[in-house]
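Peer 1: The primary structure of each chain is shown beneath.
2 protein chains.
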Amino acid sequence: QAVYEHLGKTQRTLDPELEQRIEQTKDLQKRYLQLLQLSRSFTSFFNQMTTMQSSLAEAMNDLAQKEPRLRDEFTCNSEAQKTIAQSAQTLMNALNFFLSTMETLCEKTIEDTLKTVRSYDQARLQYDAYRMDLAVLQQQGGAGGSASEFQGRLYEAEHNCQTYKSKYEQLRDDIQVKLRFLDENRVKVMKKQLLLFHNATCAYFSGNNTALEASLKQFHIASNDGPSFLEQ
Amino acid sequence: QAVYEHLGKTQRTLDPELEQRIEQTKDLQKRYLQLLQLSRSFTSFFNQMTTMQSSLAEAMNDLAQKEPRLRDEFTCNSEAQKTIAQSAQTLMNALNFFLSTMETLCEKTIEDTLKTVRSYDQARLQYDAYRMDLAVLQQQGGAGGSASEFQGRLYEAEHNCQTYKSKYEQLRDDIQVKLRFLDENRVKVMKKQLLLFHNATCAYFSGNNTALEASLKQFHIASNDGPSFLEQ
Numbered sequence: 096q097a098v099y100e101h102l103g104k105t106q107r108t109l110d111p112e113l114e115q116r117i118e119q120t121k122d123l124q125k126r127y128l129q130l131l132q133l134s135r136s137f138t139s140f141f142n143q144m145t146t147m148q149s150s151l152a153e154a155m156n157d158l159a160q161k162e163p164r165l166r167d168e169f170t171c172n173s174e175a176q177k178t179i180a181q182s183a184q185t186l187m188n189a190l191n192f193f194l195s196t197m198e199t200l201c202e203k204t205i206e207d208t209l210k211t212v213r214s215y216d217q218a219r220l221q222y223d224a225y226r227m228d229l230a231v232l233q234q235q236g237g238a239g240g241s242a243s244e245f246q247g248r249l250y251e252a253e254h255n256c257q258t259y260k261s262k263y264e265q266l267r268d269d270i271q272v273k274l275r276f277l278d279e280n281r282v283k284v285m286k287k288q289l290l291l292f293h294n295a296t297c298a299y300f301s302g303n304n305t306a307l308e309a310s311l312k313q314f315h316i317a318s319n320d321g322p323s324f325l326e327q
Numbered sequence: 096q097a098v099y100e101h102l103g104k105t106q107r108t109l110d111p112e113l114e115q116r117i118e119q120t121k122d123l124q125k126r127y128l129q130l131l132q133l134s135r136s137f138t139s140f141f142n143q144m145t146t147m148q149s150s151l152a153e154a155m156n157d158l159a160q161k162e163p164r165l166r167d168e169f170t171c172n173s174e175a176q177k178t179i180a181q182s183a184q185t186l187m188n189a190l191n192f193f194l195s196t197m198e199t200l201c202e203k204t205i206e207d208t209l210k211t212v213r214s215y216d217q218a219r220l221q222y223d224a225y226r227m228d229l230a231v232l233q234q235q236g237g238a239g240g241s242a243s244e245f246q247g248r249l250y251e252a253e254h255n256c257q258t259y260k261s262k263y264e265q266l267r268d269d270i271q272v273k274l275r276f277l278d279e280n281r282v283k284v285m286k287k288q289l290l291l292f293h294n295a296t297c298a299y300f301s302g303n304n305t306a307l308e309a310s311l312k313q314f315h316i317a318s319n320d321g322p323s324f325l326e327q
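So the protein sequences, as listed, match chains A and B.
Going by full-length UniProt numbering, the first sequence opens with residue 96, and the numbers climb by one from there.
Going by full-length UniProt numbering, the second sequence opens with residue 96, and the numbers climb by one from there.
Mixed in with the good hints, there may be bad ones.
[What the hints assert, rightly or not] Stretch-level coverage of chain A by chain B, calculated; a stretch enters the list once three of its residues show a Cβ under 8 Å from a Cβ in chain B: (1) 123-132; (2) 135-142; (3) 146-160; (4) 172-178; (5) 290-297.
[What the hints assert, rightly or not] Quick list of simulated restraints, FRET-style, between CB atoms: (6) Leu109(B) with Arg164(A): 25 to 31 Å; (7) Ser136(A) with Thr211(B): 44 to 50 Å; (8) Asp157(A) with Gly236(B): 53 to 59 Å; (9) Gln160(A) with Tyr250(B): 50 to 56 Å; (10) Asp269(B) with Arg164(A): 21 to 27 Å.
Just so you know, these hints were derived from the structure itself, not from any lab.
Cβ atoms here follow ideal geometry from the backbone N, Cα and C, with glycine treated the same way.
Starting from the given sequences, assemble the full structure and let the hints guide the process.
Peer 2: What follows is the structure in structure tokens.
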């Protein structure tokens with residue numbers, strides 16, 4: 096049947112609205128998977144950056160002991176890096192929760208619906224094949240065989256066609272329900288996750304404020320020629 | 096001479112104070128090279144993280160178009176990531192300046208002094224070898240040869256010893272000057288660089304404040320069930 100369709104020799108059963116919703120869902124899965132992949136990379140680089148900041152804090156603390164004349168400078172830098180690295184844990188927790196929820200959404204929830212879509216496609220192919228068998232038989236009429244034999248074959252073809260039509264329609268209904276649930280579920284889950292992602296990101300990239308401002312203040316006391324340099 | 100010293104068969108010329116300063120300088124070079132390596136890794140991960148944030152901003156902006164019911168959530172996240180990625184450029188510039196200055200310090204300034212130290216070590220070895228030749232000759236006295244031949248050899252040994260002593264002393268003075276300059280230079284350069292590193296880091300990790308707070312505000316208007324979720 097798929098070959099006939101490909102050759103344009105037969106007409107496939109079409110539900111344009113449903114097909115469009117299926118295509119949209121496939122497109123969304125692709126985009127969410129891409130978002131998941133980017134978020135994973137972001138989390139990984141963020142994590143490695145934080146590890147480096149902890150190591151920097153340690154190395155600078157050691158140098159503060161070895162370079163008496165740079166003790167204040169190394170100490171302030173060490174403290175700042177330590178503060179930033181510590182506050183990273185909250186963002187890491189949020190990112191890991193985001194990733195695991197996105198994984199479930201992409202690889203289980205959406206995938207489950209698309210598995211039903213593949214069963215539906217298969218049922219649609221079978222139904223169309225039996226439908227075409229029946230049409231051919233009806234077109235041929237009883238030519239070249241006995242009337243009872245023809246009636247038998249016609250009856251069987253009608254029966255098959257009906258069975259696969261029911262199966263097809265059942266799966267079509269299933270998908271419509273699943274797609275509606277998926278829409279609701281996806282929007283609900285992502286609303287929460289995007290809020291979490293946003294708030295945790297903003298908190299980290301702006302919220303180290305108090306601790307870092309204290310560090311800046313301390314630094315300006317420690318080094319008198321401080322602020323002017325940055326203005327260059 | 097090095098072999099004799101290793102076997103404990105001869106005494107080396109020692110300047111304990113200078114030796115200690117040389118060892119300190121070698122130790123500092125090692126520590127600064129380690130700091131440079133960590134800073135390079137930090138810069139690299141930071142840069143990759145920022146690239147991912149730009150990509151996330153784009154992907155989320157696309158999804159804002161494809162998911163009408165999540166438009167606000169995706170838009171706010173996209174804006175926040177874009178803001179953070181943009182402000183990263185200032186920190187990147189500061190980090191690259193820090194790295195290039197640290198490279199010059201470790202691989203040129205300190206290395207140049209340590210090259211003189213190696214010439215000094217070589218001259219010290221040569222001087223000690225000629226000094227030992229002379230001592231052996233003086234101990235043997237004229238035994239087994241004519242007096243004029245012995246005088247000739249003694250004169251030559253004294254001359255060599257004196258020549259290499261001058262060379263050794265010249266290099267020792269050179270090093271003392273170089274180490275003093277290196278100390279001044281290193282402290283001056285690092286004072287500036289550490290201030291730059293600190294201020295740029297603090298500015299980035301706390302200074303996205305205004306833009307991100309605006310984004311947070313916008314988000315709380317967009318999503319009513321917002322803040323409560325994060326409190327869970």
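Peer 1: Each hint should be assessed against the structure and marked as holding or not.
Peer 2: Do the hints match the structure? See the list:
1. Coverage of the region 123-132 of chain A by chain B holds in this model, with 5 residues showing a Cβ closer than 8 Å to a Cβ of that chain against a need of three.
2. As drawn, the region 135-142 of chain A meets chain B at 4 residues by the rule of a beta-carbon pair under 8 Å; at three or more, the given contact holds.
3. Check on the region 146-160 of chain A: 8 of its residues sit with their Cβ under 8 Å from a Cβ of chain B, so the three-residue criterion for coverage holds.
4. Check on the region 172-178 of chain A: 3 of its residues sit with their Cβ under 8 Å from a Cβ of chain B, so the three-residue criterion for coverage holds.
5. Coverage of the region 290-297 of chain A by chain B holds. Counting CB-CB distances below 8 Å, 8 residues qualify, and the rule asks for three or more.
6. Under the hint 25 to 31 Å, the C-beta atoms of Leu109(B) and Arg164(A), about 27 Å apart, fit the expected range.
7. Checked against the hint of 44 to 50 Å, the C-beta distance between Ser136(A) and Thr211(B) comes to roughly 47 Å, which is consistent with it.
8. Between Asp157(A) and Gly236(B) the Cβ separation comes to about 56 Å, which falls inside the hinted range of 53 to 59 Å.
9. Take Gln160(A) and Tyr250(B): their Cβ atoms lie about 53 Å apart, and the range 50 to 56 Å holds.
10. Our hint of 21 to 27 Å for Asp269(B) and Arg164(A) holds, since their Cβ atoms are close to 23 Å apart.
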